[in-house]
Amino acid sequence: MELFVAQALNGLIIGLLYALIAIGLSLIFSVLKIVNFAHGECYMMGAFVSYYFSTLFGINPMLSVFLSMLVVFLLGVVIQYLFLRPLYTGAVERKDEYAILITFGLGVFLQNVAMSVFGPWTKKSPDFISGITRIGFMTVDNNRLAVSGVALLIMVALLVIIGKTFVGKALRAVSQDRDASAIVGINPHRMNILAFGIGVALAGGAGGLIGPIFLISPVMGILPGIKSFVIIVLGGMGSIKGAIIGSLLLGEIESLGSVFFLDPTRGLAYKNAFGVLLLAIVLLLKPTGLFGEKHVRME
Amino acid sequence: MRRYLLTVIVAVMVGVAIPLLLRAYWLHVAIMALFYALLASSWTMLAGFAGQFSFATMALAGIGSYTSALLAIKFHLPMWLGIISGALMAALVGLLIAVLVLRMSGPYLALFTIAFSELVRITLNAEYQFTRGDMGLTVPHLYATISKVPYYFTILILLACSLLIMGLLLRSRYGLFFRAIREHEEAASAMGVNIVRYKIMAFVISSFFAGLAGGFFAHYVGTLTPNSIMEIPRMGLVIAMSVIGGIESLAGAVAGAILVEFLQEYLRELEMWRFVIFGLALVLILRFSQNGLLYPIYQRLAAKRVEALSESAA
Amino acid sequence: MKKALFVIGVALLVALLGGSSVWCQERIVIGGVAPLSAPGAAESGAEMKIAMEMAVGEIGKILGKPIKLQVEDTRGLPEEGTAAMNRLADAGAVGVVGEFHSAVAKAEIEVANERKLPLIVSEAWADVITGKQYPYVFRIAPANSLFYTKVADWVKSIGAKNVVAIVENTDWGLGVDSVFNATLPGEKNINGQAISYTSIVAERTVSDFTPQLLMYKAMRPRPDLVMDIFTGTGEYLIVKQAAELGLATTRETAIFPVGTSALYPEYWETVGEYGVFSITKTGYHPLLGVTPAIMEFTKKFEDKTGKTPTFAAMEAYDSIYVLAKAIENAQSTDGDAIVAALEKIRFDGVLGTIWFSQERKPDYMYHQWPGAKAVLIQYTAKDQKYTDAELIWPAMLKP
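Chains as they are written, first to last, in our numbering: chain A, 1 to 299; chain B, 1001 to 1314; chain C, 2001 to 2399.
Hints in this document: simulated from the structure, not taken from any laboratory. Be aware that one or more of the hints could be misleading.
Using 30 Å as the maximum straight-line C-alpha spacing, the simulated DSBU-like pairs for lysine-lysine come out as follows [what the hints assert, rightly or not]:
(1) Lys2307/C x Lys123/A
(2) Lys1074/B x Lys2132/C
(3) Lys2304/C x Lys123/A
(4) Lys2361/C x Lys2344/C
(5) Lys123/A x Lys2385/C
(6) Lys1074/B x Lys2361/C
(7) Lys2299/C x Lys123/A
(8) Lys2325/C x Lys2304/C
(9) Lys123/A x Lys2382/C
(10) Lys2300/C x Lys123/A
(11) Lys2161/C x Lys2373/C
(12) Lys2382/C x Lys2161/C
(13) Lys2325/C x Lys2116/C
Chain C residues, not near chain A, derived (Cβ > 10 Å throughout) [to be verified]:
(14) Ile2050
(15) Gly2057
(16) Asn2113
(17) Glu2114
(18) Val2128
(19) Ala2182
(20) Pro2221
(21) Asp2224
(22) Thr2253
(23) Pro2292
(24) Tyr2321
(25) Gly2335
(26) Val2339
(27) Arg2360
(28) Glu2390
Partial chain B-side listing against chain A, Cβ under 10 Å, derived [unchecked claim]:
(29) Phe1053
(30) Leu1100
(31) Leu1111
(32) Glu1118
(33) Glu1127
(34) Glu1231
(35) Ile1232
(36) Leu1270
(37) Leu1284
Even glycine gets a Cβ: it sits at the ideal position worked out from N, Cα and C.
Working from the sequences, and respecting the hints, build out all of it.
See below:
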C-alpha cells in the first residue's frame, strides 16, 4: 500500500511536468489549428537557455527559467512569422501537409543546432532547492516539489488569463472562428503569434524547470515531444482542461504501469510504450479524446 | 517509345559503370543511396501522390529487416525468400495501419504513425531475448563474397523494378485516384473514387517496398539494431530526401536520396553541422520551393530546350 | 523520361565527384574508432581521440614515414562501426585502434577479419569480441568475464545478501547482468547467507527510474547493494534518484555505478553530494602503481584538456603505441606481419606491460591482454577526483 501511494505521488509530479508541456501544444492547436511537431525541441531549447542563464551569468535558477520562457517566446514569434504565417495568408495550398512537414523540419533543425552548438554531453542545471523532504514514509526530492508548485502556479495563471482576461477571450474567439473574430475586430494574425509564442514558451519553461531533475541534452526533447502528442490526443485536441487531465493520467499510467506490469522486470523497458499505445488506441476509438472538439482540418 | 528505350539504356549503362568507377567505400555510399532512394520513393508515392503523410516508413522497413533476419537465423530460410517474406510482412502491417487510419487525416495520421513507429521500436528493444535488441542481431550476409559489387547490383535491380512498378502504377488511372485523394478527399469521393480501396492500396504497396528495402538492408549490413533503423530522426532524413528532391515525383525522391546521401558523406568533416544544413535545407525548401530543389533547375533546362526548339523551328 | 535522364545525370556527377579522390602514399595511416556524437558516449570518445592524437604526436614517424591519424565517429551504432572500418580500410589504414561500445566493436571485428585489418580494441568489454578468436583482433581492455566474476567475489566478501540492479539493454549491460546472474544467485556470501540477485532491464533513454527504485526500496530485507549497470545520463539519474528516495547511499545500502561515467567531473556536477560513498570501477588508480609513465601521461593530458584522464584514455594511448611498435617490429605494413608482431609483442605501456595471450581457453583469452585489470574505488568526499578516491578492492592492493 505504501508503495502504491509513493508511486502515485511520483506519477502526479511527473504528470504536472507533462502538463506544462502539453498545455502549450494544446493552446497552439486550438488557435492555429496545427500540431507543432517541433514542440519537444522548444522544450529542449528552454532547458538549455535556462541552463546557460544560470551557469554563465549566475542568475538565480528560478529567474533563469522565466527568462528562458521569454527567449523561447521570442523564438516562437520569429518561427511563426517566418514559417507559419503563409498558412494563414493563403500562400500555401495543402495546409495540413505543410504544417506537419515544416514544424517537423524545424524540430530536426533545432535539435541538430543544439547538438552542434551545445555539444552532445549531458548537463545539469543548478538546483532550485537542494535536499530532500520526508512526508511520512515517503521521501521526495525538493526540486520536484518546487517544480510541481511552480508548474501549478503557471497553469493556474494561464487558465485565469484564458478565462478572464480580454486577451484570453480573444484567443478563444479565434480558436472558435477565425473569420468571425476578424469581423469583430480581433486581429487573428496577432493572436496566432501570441498563441504560438505562449505555447512554445510554456514548453520552454517546462524544459527549464526539468533541468535540475532529469538533466539536459540535445535529444531530451524527442520523448517528451511524443508524450505531449499523446496527451493532447488523449485529452482532446484543443482542450486545455483535457491536456491537464491527460497529463496527470499519463504520469500515473507510466509510474504505476511500469511497476505493476505483468512482468515487473520488463515494465521499465516498456514504460515509454504505454503512452504511444494509449495514443494509438485513443486515435482509433475516440479521436476527439476526452474533451476535444471534432476532427479539425485546416481547409 | 524510342526515347523511353534510350533513357533505359543510358540508365543501365550508368548503373553498370558505377562499380567500376567507385572504390569500396564510395560504393557502399552508393548502395546506401539507392537503399534510401527505394525508401524515399515509396514514401513519395504514399505521401506526395496519395497524400498520406505517414511516419511509419522506417518502422515498416525495420519490420522487413527483422522478419527476414529472424527467418534466416531461426528457420534457415533461404535469404531471398526471407527478404520477400519481410516485404510481405511489412505489406501486411501496412494493411493494418491503412485500415486503422482510414478515418484519420493530416496531423492525426501523422501522430498515429509516429506512435506506431515508436511502439514497434520499443517492443523490438524490449524483447531483446528474441531480437537481441540494442546489442545487435547478427544477420547472415546475402553473398559470401566481401566485395560490394553484387550488393550494388542487387539494390540497383530492386530499385529499378520497384520504380518501374510504382511508376507504371502512378501513370495509370490509379495514380490519378491517388492524386485526387491528396488534393481533395471529399471531392474525389463524391466523384466516385473508392477512397478506402485506394488508400489501402497506397499503404500496402508503399509498405511492401519499404519492407523490401529493409530486408535488403539487413542482409547487406549484417547487424541490426532497432534504434539505428527506426528512430524518428532517420524518418526525418528520408522525408528530407523526398522533399529536397521534389515531393511530387518518384524521380525527385531518387535524386533527393542520392544527393543527400552523398552530401552526407562529403560533409563528414562538418560532423553534426551537416544535419543542421539538411534541416535548414528541408525547412527552406518547404517554405520557398515546395516542389523541391531540383525541380526549378530541371524546369529551367526544359524551358531552355523549348526555346531552342522553337528558335530552330522559326 | 527527360526527368529520369536528368536525375541519372545528377547522380552520376555526384557519384563521380565522390569517388575520385587522390590519396598520397607517403604517410602511414592509422585508424581510430570512437563514439564522438550521440547516441554514443561522446565524453569517452572525445577522451580517447585526444589520447590517440597525443600518442601519434609523440611517436612522430613509423618506418621513417609520418603518421596520419584518422579517427572515425562510430556514434555507438554498429553499422557506423562497419562503415567506419570500411572507410579506414579504403583510406589505406594499416591498423585501427579504439572503440568504446561493445555492440559496435562486435560489428567492427567482422570487417577487421574480412579486410585483414588489424584492430586493437581499447575499451569494449564484451567477451565475444575476443571470444570469436579472429586473428586480426586484439584487446587491451578487460573482458567482462575476466572482471565481473571478480566483482562477484567482492560482493560475497562484503556480506551482501540482497543485490538489486538496473541494467541498460546494451551488449555491455546485458553482458554484465549475465555474469552476475551466473555467479551470484544462490551462492553463499562471507557470512554463509544465500545471495539473491534481481535485475530490471531498461532502455538507455529512460529518465525516470523512480518507480523501480521505489519497488526496490520496498523490498524486505532491504537491498544491500544497488548495481547501476548503466552508462551516461541514465547512470547519473539512477544514483540521483536512488538518493532522492532514500534508497542509497544509506547505512544499509550502497550504490555502485558500474559504467565509466562516474569517473568524470560531470558526475559531481550532476549528482552532487549524492555521489559521496558511491562505489565504482576504474581501470587505473594510483595505488596500482604510479609509474613515471602514468604521471607523465596524466600531466600531459591535464595540461592539454584541463581534465583528468580515465583509463579509457590510457587504453587508447597505449593501443596506438602498441600498434606503432608492432609495425616497427614487423618492419612492414602488411596486415599478417603486424598480427605476427602483435602476438609476440611485450610493450611497457602506461597501464603496465602489455602482451597478448595465445590461450584458446577460455575463449575470450585469445589475443586478450591478461594483465588488464580494474579495481573498485569508493568516493569519500564530494567533487573528489577518482584518483583520490579510496581503493576498496582488491584488498591486497590497499596500502
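Numbers of unmet hints, in rising order
No numbers; nothing is violated.
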